[in-house]
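Colleague: With the hints as your guide, set chain B onto chain A.
Spelled out from the first residue to the last, the chains are:
Protein chains: 2
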Amino acid sequence: MSTTIDVSVRAEAIGSDPMAVVEEISGWLSTPAEEVDREFACELDRLRIAVSVMNSDAAAGDRRAHYCQQLLLARIYQLTMQIPEQPTAEGSVVVHEVMRLLEAATLAAEDDRIEPGILDQAPAQPKAYLSWLKGTARAHRVFKHPYYQDFIKDHATVDDLRNYVMQESVVDGRFDDLLAMMQVGTSGGAKMEIATNFWDEMGNGNQAEVHTHLFNKIFEVFEITSAELEAGLSANALLSGNLAVLLSRYRTFYAEAVGFLGMTEWLVPDRFVQVVKAWERLGLPDVGIVYHRLHITVDAQHAAGWFHNVVIPAASSPAMRRGMMRGALWRLNSSCRYLDERMPTTDR
Amino acid sequence: MSTTIDVSVRAEAIGSDPMAVVEEISGWLSTPAEEVDREFACELDRLRIAVSVMNSDAAAGDRRAHYCQQLLLARIYQLTMQIPEQPTAEGSVVVHEVMRLLEAATLAAEDDRIEPGILDQAPAQPKAYLSWLKGTARAHRVFKHPYYQDFIKDHATVDDLRNYVMQESVVDGRFDDLLAMMQVGTSGGAKMEIATNFWDEMGNGNQAEVHTHLFNKIFEVFEITSAELEAGLSANALLSGNLAVLLSRYRTFYAEAVGFLGMTEWLVPDRFVQVVKAWERLGLPDVGIVYHRLHITVDAQHAAGWFHNVVIPAASSPAMRRGMMRGALWRLNSSCRYLDERMPTTDR
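Just so you know, the sequences run in chain order A and B. Counting along the first sequence from 1, when you hit position 301 you're at 301 in my numbering, and nothing is skipped either side. Counting along the second sequence from 1, when you hit position 333 you're at 333 in my numbering, and nothing is skipped either side.
Okay, chain A solo, but in the shape it has when bound:
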């Protein structure tokens, strides 16, 4: 947070390859937090600039910088999403500051993509607000995206589907934990709705029907390893996972998380119908598609419950209306870029 930075430090940082910055900071993540803060605090001025350069390059359209930005944020988030076997840098002040720079840039990039003025158009009456939110989503290019409606349904190969589930794992593979995190501090009907979704994800208490367990069956069908997984994720897949974690972990982003995760569940059924068609077309093992079949039904119910019990009661607050729409648009826009990128030939 220093305001004066040595010119030579600045020059050195600007010259760094963003991947070198990612690897340098990643190297600390398996070091205990106190040690990181003792040993590497002296590196903070340089890193603050290096990460800021990465962020501004990403904002200017540099794809490598964007990838590095999201990869580093995803690795930092793993500290808060996985139980480690050894002490980690979780909680480190140095890592926290780097993370905050990455988060601020990630959110600013999403806000820049929201059409100016749209958040001010939200109707004040809760039911009218919900109709408007759904109408905006239905009119969005992502709503019936050709990636699902055409490519996945009719053309995707086994390898395409394999790649598809890898990219989806950043949200689907830990949806239960995202729900658990985002419900902290809620009460009443909203808490019960989110808790019910969580319990459904837990197979309503039946170990064999836990959704993340079913999702992992697909990984077994395709023999995907965790090492392969990280290396195979695109910048926009990493971004989808990072946005979901970011919004779920901060109480100040509760409204945005409601919009983001609600939209995620609402878009699922129609998408997964196409995935099931592809699975059947390719004759893949039935055990691997249970998860998708289940979510065609369950997510339609979840989205309806979410809208009725979480969105509508919250929509009496202007700040909540604005936040929920902001989160919904972050999901629609980021999902659209992600699907565009995954098309074999794009119209971008």
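Please keep in mind that the hints were generated in silico from the structure rather than gathered at the bench. Hints are supplied without guarantee of correctness; some may be wrong.
Note that identical chains are pooled: a pair holds if it fits in a single copy or bridges any two copies.
With a straight-line cut-off of 25 Å between C-alpha atoms, the simulated SDA-like cross-links for lysine to any residue are [claimed, not checked]:
| hint | residue 1 | residue 2 |
| --- | --- | --- |
| 1 | LYS217 | SER187 |
| 2 | LYS217 | THR196 |
| 3 | LYS217 | GLY185 |
Modeller: Relative to chain A, chain B alone:
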């Protein structure tokens, strides 16, 4: 994290009243994080010293410093446990660093109270480990503490009970959220056990039986307001709540959270039997005791399930064995100090 600090800054900080430090930092918590980091980063050197002085005074036995330390940490934790109506300082780098200083001092104080060498005595065989852990707890002064066995059961007045539930609210009033947080990143049987506990806290989907809702009925019986609540909490009650949040929010403390929350649930039934006796003795409204009656049964089941499905499978790892016992001892010791303090005449 600067290593050189101006002498006059140090002198100024040492002279500060700890409550003035608490109020200064508390004043920022309702300011957006980016603004706090922009405006108050320049205060960080001074505050780092002021908080360190507060921490060392607390460690040396200064009760006021200890109270201030735990009050400030509790207020910072509220940012991560409550959904705000306005933007807050949640995530602020400055606040994060202050929080880390408070957390480190809080944990060091608990570790100092663990008998040297005890963690090395843990048997390696999982079932023997569990017996040893329970045996250590049974031999602990807190196990049949006279606060419950004598004072609550036979002597407590309505006002004593009223004060009792206020102090307990820091854990009981948000046990569902603590479980939701501490299960992030788990899988298999451990995840299911914690999720089942969470779902029980949610009344298994029945709004009227949500445990935090039932707990709040007691608050209604006693007409306790949230303003009165914070002012009424003792340092050791604040500490109990802070330890529970601290251990639940970090993945690196998963083992400690298992020990801490498992011990919390295991101690409940025998304690609540005494609370129910007091309630009946005083002829208080029945609606306010449903929560305690329920937990006499349900927490006995939870503790058994927790030991069997979370502790025993984890106990094959030496690091987990050590962490779980550490967390269990933190609970036993901190609960004992808290109960000692609450006795009308103490034998300290």
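Colleague: Does each hint hold? Answer for all of them.
Modeller: Okay, the hints, checked on the actual structure:
1. LYS217 x SER187: Result: close only across copies, 14 Å inter versus 34 Å intra.
2. LYS217 x THR196: both (23 Å within a copy, 23 Å between copies)
3. LYS217 x GLY185: Intra 33 Å, inter 18 Å, cutoff 25 Å: inter-copy only.
Every hint, counting from the list given before, is met by this structure.
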